[in-house]
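**Student:** Start from the sequences, fold in the hints, and give me the full structure.
For what it's worth, this note's numbering labels the leading residue of the sequence shown as 1, then goes sequentially.
I should point out that these hints are in silico values taken from the structure, not numbers from a laboratory. Some hints could be false.
List of simulated lysine to aspartate or glutamate pairs, EDC-like, C-alpha gap at most 16 Å [what the hints assert, rightly or not]: (1) LYS7 - GLU64; (2) LYS254 - GLU40; (3) LYS196 - GLU40; (4) LYS93 - ASP252.
The following label-pair restraints were derived from C-beta to C-beta distances [what the hints assert, rightly or not]: (5) MET103 - LYS226: 40 to 46 Å; (6) LEU120 - GLU40: 35 to 41 Å; (7) SER202 - MET103: 21 to 27 Å; (8) GLU19 - ALA156: 37 to 43 Å; (9) GLU172 - SER41: 18 to 24 Å; (10) ASP72 - SER137: 27 to 33 Å; (11) PRO142 - LYS9: 24 to 30 Å; (12) SER41 - ARG134: 41 to 47 Å; (13) GLU172 - ASN68: 34 to 40 Å; (14) ASN68 - SER202: 21 to 27 Å; (15) ILE44 - PHE171: 24 to 30 Å; (16) GLY231 - ASP252: 20 to 26 Å.
Note that beta-carbon positions come from the ideal geometry of N, C-alpha and C, so glycine has one too.
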Amino acid sequence: MKNYDSKWKLTKVYKNLFEELSNRDKYECRTVYEHYVVHESKPIKDKIIVILRVDVDNGFHLTEPLVNYMNDFGLKASHYFLTHPDRYYDLWKSDIPKNTLKMGHEVGLHSDHYYDQLELGIDGLTTLKNDIKRLSSLIGEPIKGMVHHGHPAINAKGTTNWELTKELNSFELGLEYHDGLRSCYIDPKTDRWKPKCDFRLSDYLGLPSSLGWNYLPNYPLSKLKKFGKKGEVVHIGFHTLNAFENYWESWDVKYGEKVF
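**Tutor:** Next comes the structure, spelled out in structure tokens:
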């Protein structure tokens, strides 16, 4: 099944989850764009629809190994990249987003632009729109979607990056969807993290980013089997770094990212 040589190994919890989701008789796995825009959230009576979202908060260089592993299991996901080299990693010097698209996955933008506005005094919305165009140029086609980034520094300001775009229509950003109240993605009746779905799973459990599900290895699979039902939609969100048991080895420094 594996047709490449990877330095990094999936943790057991992610490997088990991917193996479960590879069951085509039980699951229909989609990217965010495929489900909410292309298929317009339509259910499938005899399967569980699973939407896979990956926030590339750190471990940027691990994106391609993750995509390779997911492709081994026949899975596709939406990967959202940060565009702030001074704080995270420099995606502008890399082919990683373009290669992610070539390998059949969705590339989207992870926005920290309201924090830019508050911290640096710049126009966050203008910068965001420029980064949407720039990322589209980097991968060779328009990106379809954007989601906001959460982190302690903006929490300390008593706000979130969601505030910048929550009231906008997606087309005002040059996108087909985003995590705003007027988008097809987020359920406006609940909260800013809740997509339109019947059940959601996230590897953020209030723990340090390097732990997530690995602190409770039976958590995602047991929850999926307990709450996932045929004819319903499950949204699964996780972070790139968390999927690898030896992420600190062979750390690629050329993108300016520090080891977390």
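**Student:** Does each hint fit the structure? Answer for all of them.
**Tutor:** Structure-based check of all given hints:
1. Straight-line distance between C-alpha atoms of LYS7 and GLU64 comes to about 11 Å, which keeps the hinted pair within the 16 Å bound.
2. Only pairs whose Cα atoms come within 16 Å are accepted, and LYS254 paired with GLU40 is rejected, the gap being roughly 40 Å.
3. Distance restraint check for LYS196 and GLU40: the Cα-Cα separation of roughly 11 Å lies within the 16 Å cut-off, and the hinted pair is therefore satisfied.
4. For the given pair, LYS93 sits about 13 Å from ASP252 by alpha-carbon distance, which is consistent with the 16 Å threshold.
5. Take MET103 and LYS226: their Cβ atoms lie about 32 Å apart, and the range 40 to 46 Å is violated.
6. Taken as a hint, the range 35 to 41 Å holds for the pair LEU120 and GLU40, whose Cβ atoms sit roughly 38 Å apart.
7. Separated by about 24 Å at the C-beta atoms, SER202 and MET103 satisfy the suggested range of 21 to 27 Å.
8. The hint said 37 to 43 Å for the Cβ distance between GLU19 and ALA156, and at roughly 39 Å that hint holds.
9. Between GLU172 and SER41 the CB atoms are about 22 Å apart, so this pair conforms to the stated range of 18 to 24 Å.
10. About 30 Å separates the C-beta atoms of ASP72 and SER137, a value consistent with the hinted range of 27 to 33 Å.
11. At about 35 Å, the beta-carbon gap between PRO142 and LYS9 misses the expected band of 24 to 30 Å.
12. Between SER41 and ARG134 the C-beta distance comes to about 30 Å, which lies outside the given range of 41 to 47 Å.
13. A C-beta distance of roughly 36 Å is found between GLU172 and ASN68, which places it inside the suggested range of 34 to 40 Å.
14. Taking the beta carbon of each, ASN68 and SER202 are about 23 Å apart, inside 21 to 27 Å as hinted.
15. The hinted range of 24 to 30 Å is satisfied by ILE44 and PHE171, whose Cβ atoms lie roughly 28 Å apart.
16. Checking the proposed 20 to 26 Å range against GLY231 and ASP252 shows it is violated: the Cβ atoms sit about 43 Å from each other.
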